[in-house]
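Enquirer: Mind docking chain B on chain A? Use the hints.
Protein chains in written order, with my numbering: chain A, 1 to 429; chain B, 430 to 619.
One or more of the hints may lead you astray.
Listed next, with one range per pair, are the computed distances between beta-carbon atoms [stated by the list, open to error]:
id, chain 1, residue 1, chain 2, residue 2, range
1, B, T458, A, K196, 17 to 25 Å
2, B, T458, A, S67, 48 to 56 Å
3, A, S202, B, K592, 27 to 35 Å
SDA-like cross-link-like pairs, simulated, lysine to any residue; straight-line CA separation at most 20 Å [what the hints assert, rightly or not]:
id, chain 1, residue 1, chain 2, residue 2
4, A, K286, B, Y617
5, A, K286, B, R524
6, A, K90, A, P107
7, B, K608, A, K343
8, B, K528, A, K205
9, A, K90, B, E557
10, B, K577, B, G500
11, B, K556, A, F88
12, A, K205, B, R524
Facing chain A, according to a computed beta carbon distance under 8 Å, are these residues of chain B, among others [stated by the list, open to error]:
id, residue
13, Y451
14, V453
15, I462
16, I469
17, V519
18, P539
19, G551
20, V575
21, V578
22, K608
23, G610
24, L614
In short, the hints are calculated from the structure, not lab data.
Bear in mind that the values here come from a model prediction, so they are computed numbers and not experimental data.
The beta-carbon is built from N, C-alpha and C at its ideal position, and this holds for glycine as well.
Given next are the chains, with one letter for each unit.
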Amino acid sequence: MASKRTSRRDLLKSGAVAAGGLAVLGQTPASGQTPVSDQAPAHDHAAGPVNPMIKGTKDLVEYGQRSHFVTSARIAHPVGGRHSPDAFGKTFHIATPLQDSVGVITPSSLHYVATTRGAFVPDIDPKQHTLMIHGVVDRPLTFTMEDLKRLPSVTRTHFIECAGNRHNGRQKNVQESHGMVSCAEWTGVLLSTLLKECGLKSSAKWFVAEGAEEVKGASSMPIAKAMDDCIIAYGMNGEAVRPQNGYPLRLMVPGFEGIFHTKWLRRIKVVDRYYMNYNDYGHLEKSEKEAALAFQIGPKSVITKPSGAQQLSGPGFYEISGLAWSGGGAIRTVEVSTDGGKKWNRAEIKATPQRMAHTRFGYPWVWDGKETEILSRCTDEIGQVQPTREQVAKYWNVPFERSYRVPGLDNSVMPWKINRDGSVTNGLA
Amino acid sequence: MDSLRLAAIALLLASPAFAQSYGVGRTPTADEIRAMDISISSTGDELPVGRGTAKEGATLFQQKGCAGCHGKAGTGSIAPELQSSKGQDVPVWERGRGKSGWMILPITAPYATIVWDYINRGMPLGKEGTLTPDEVYSLTAYLLAVNKVIPEDQVLDKESLPKVKMPIGDDYGRLPDWKHGAPRLPGYNH
Numbered sequence: 001m002a003s004k005r006t007s008r009r010d011l012l013k014s015g016a017v018a019a020g021g022l023a024v025l026g027q028t029p030a031s032g033q034t035p036v037s038d039q040a041p042a043h044d045h046a047a048g049p050v051n052p053m054i055k056g057t058k059d060l061v062e063y064g065q066r067s068h069f070v071t072s073a074r075i076a077h078p079v080g081g082r083h084s085p086d087a088f089g090k091t092f093h094i095a096t097p098l099q100d101s102v103g104v105i106t107p108s109s110l111h112y113v114a115t116t117r118g119a120f121v122p123d124i125d126p127k128q129h130t131l132m133i134h135g136v137v138d139r140p141l142t143f144t145m146e147d148l149k150r151l152p153s154v155t156r157t158h159f160i161e162c163a164g165n166r167h168n169g170r171q172k173n174v175q176e177s178h179g180m181v182s183c184a185e186w187t188g189v190l191l192s193t194l195l196k197e198c199g200l201k202s203s204a205k206w207f208v209a210e211g212a213e214e215v216k217g218a219s220s221m222p223i224a225k226a227m228d229d230c231i232i233a234y235g236m237n238g239e240a241v242r243p244q245n246g247y248p249l250r251l252m253v254p255g256f257e258g259i260f261h262t263k264w265l266r267r268i269k270v271v272d273r274y275y276m277n278y279n280d281y282g283h284l285e286k287s288e289k290e291a292a293l294a295f296q297i298g299p300k301s302v303i304t305k306p307s308g309a310q311q312l313s314g315p316g317f318y319e320i321s322g323l324a325w326s327g328g329g330a331i332r333t334v335e336v337s338t339d340g341g342k343k344w345n346r347a348e349i350k351a352t353p354q355r356m357a358h359t360r361f362g363y364p365w366v367w368d369g370k371e372t373e374i375l376s377r378c379t380d381e382i383g384q385v386q387p388t389r390e391q392v393a394k395y396w397n398v399p400f401e402r403s404y405r406v407p408g409l410d411n412s413v414m415p416w417k418i419n420r421d422g423s424v425t426n427g428l429a
Numbered sequence: 430m431d432s433l434r435l436a437a438i439a440l441l442l443a444s445p446a447f448a449q450s451y452g453v454g455r456t457p458t459a460d461e462i463r464a465m466d467i468s469i470s471s472t473g474d475e476l477p478v479g480r481g482t483a484k485e486g487a488t489l490f491q492q493k494g495c496a497g498c499h500g501k502a503g504t505g506s507i508a509p510e511l512q513s514s515k516g517q518d519v520p521v522w523e524r525g526r527g528k529s530g531w532m533i534l535p536i537t538a539p540y541a542t543i544v545w546d547y548i549n550r551g552m553p554l555g556k557e558g559t560l561t562p563d564e565v566y567s568l569t570a571y572l573l574a575v576n577k578v579i580p581e582d583q584v585l586d587k588e589s590l591p592k593v594k595m596p597i598g599d600d601y602g603r604l605p606d607w608k609h610g611a612p613r614l615p616g617y618n619h
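In isolation and in its complexed conformation, chain A is listed as follows:
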């Protein structure tokens, strides 16, 4: 009992410190932050709210569930001009609720999903599933799931982003504008480990990865990438990869467009030239520059809170929070502007940034109640800077307008408009 009182007193003290800290910065505490010490203790054991109990069913013992008060959910995502569900009634792109995200890991149940066609998810028996590696190698090899789990493993946090993750002025919230990106912890064997087992011939320049789904979706990738950091992943966020994300095996190609991360991986063929099989055809561009921009993902960030369709309760303190990522490596810096891009301020990075992984950033902000626009931009470890649409248009030497379509994967800065009534709307609208 005594220790309980102490901890409450500590809480009060830390609250006072926080309020004092704001005063030092010349900021006024927001309404609603009335001094806690004036109030009677809110929750004595007998006086606290009486909560109903969650029954410990067998199902909950075996596999936990989130609170029914948490209703965050994925949505069907109409990528490009294509409706979802499409003309065949298929939902083939599903966006994650970034507006509710905290930290950098996307829960597996909320990870974005894209299928090349028709939401077809094969139900694969891992005992029957194998990965065959062949082509220009000294020794073709077939691995069972058990074989793969015997080999040295790596565990790394990586984002995956769909090439269709484009923001425009019609989208209401960050789920619609940026929800085709997610980040998870992936566990598996490095592809380089397996390729060394097979022995690459000197003519090996590309490899084709192929899935076991209905269309046997295939993509061609450079062998240099395979030997660098590709993972044959069987684990995702501490358990087996989910079927929608490629159970039992998914190829991770960190930093490349989502479609390369071949799900239900069954075969890798090492080849001497670019094969242009199935999915690769979608990367066909007239210009070499545009082709390059639809391959490795550029530096990108977005503010997730406050973001479109959210509501500020009134002037006062808010931590602006968001995510940054890049296909070029780790995020080095994130900057936030709260005045429509005139002044950029260094944001706080919340943990050590990982290569090709979501990085959470925060920026302390006191809203004065006036209309404004908040934006974020990031720089990665190789010095690539997230551009505004204006900068991209300038590079391509075309007249700028806010609806300008960025070539390749759209990594341009996203503005959120803060209206006088505290509502947050799409700044591109």
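Expert: What follows is chain B alone, placed relative to chain A:
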């Protein structure tokens, strides 16, 4: 301790030139590889034996339900068009783009083998993998013929398909030579 020492010895003895270091996995047979290998290169080395013409393809296009989604003669419906409505005088990148913005594969594919691969893997919707090699050769011939890429009477097979001259020629961007830590497009910095 003994097994650790054994492993160390095994690793030392393993020469990367001719032996695996972990000894995990098995060698697939040539037949197993052939059965699985549906990756078709531009030179068509992996193409199966078979043949087909546009005439046979036209019949299959109706029979297999292709026309139901892609429209009569592939002029487009709920699935993208496969026959361009634009004349031969229109530049290939324009002629090869359908009303929905999707590219028309039999026009814009740099190699005719890509058309074969696409049909072989992805069609028909819901019955993928059921077409015989002859049927895939025939449908490929039909789509190339309606877009005037090949004459109507040309027979396509393992030899002739890779030799088809595609209208796009060399007019497309090659992917960059990827390197660790390199920007995605030199000089762009974004």
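Enquirer: State for each hint whether it applies.
Expert: A quick look at each hint next to the structure:
{"no.": "1", "hint": "B/T458 to A/K196: 17 to 25 Å", "in the structure": "holds (23 Å)"}
{"no.": "2", "hint": "B/T458 to A/S67: 48 to 56 Å", "in the structure": "holds (54 Å)"}
{"no.": "3", "hint": "A/S202 to B/K592: 27 to 35 Å", "in the structure": "holds (28 Å)"}
{"no.": "4", "hint": "A/K286 to B/Y617", "in the structure": "holds (18 Å)"}
{"no.": "5", "hint": "A/K286 to B/R524", "in the structure": "holds (13 Å)"}
{"no.": "6", "hint": "A/K90 to A/P107", "in the structure": "violated (24 Å)"}
{"no.": "7", "hint": "B/K608 to A/K343", "in the structure": "violated (35 Å)"}
{"no.": "8", "hint": "B/K528 to A/K205", "in the structure": "violated (36 Å)"}
{"no.": "9", "hint": "A/K90 to B/E557", "in the structure": "holds (16 Å)"}
{"no.": "10", "hint": "B/K577 to B/G500", "in the structure": "holds (18 Å)"}
{"no.": "11", "hint": "B/K556 to A/F88", "in the structure": "holds (14 Å)"}
{"no.": "12", "hint": "A/K205 to B/R524", "in the structure": "violated (33 Å)"}
{"no.": "13", "hint": "Y451", "in the structure": "holds (6 Å)"}
{"no.": "14", "hint": "V453", "in the structure": "holds (5 Å)"}
{"no.": "15", "hint": "I462", "in the structure": "holds (5 Å)"}
{"no.": "16", "hint": "I469", "in the structure": "holds (7 Å)"}
{"no.": "17", "hint": "V519", "in the structure": "violated (14 Å)"}
{"no.": "18", "hint": "P539", "in the structure": "holds (7 Å)"}
{"no.": "19", "hint": "G551", "in the structure": "holds (4 Å)"}
{"no.": "20", "hint": "V575", "in the structure": "violated (19 Å)"}
{"no.": "21", "hint": "V578", "in the structure": "violated (16 Å)"}
{"no.": "22", "hint": "K608", "in the structure": "holds (6 Å)"}
{"no.": "23", "hint": "G610", "in the structure": "holds (6 Å)"}
{"no.": "24", "hint": "L614", "in the structure": "holds (4 Å)"}
Checked against the numbered hints listed earlier, the structure breaks hints 6, 7, 8, 12, 17, 20, 21; every other hint is satisfied.
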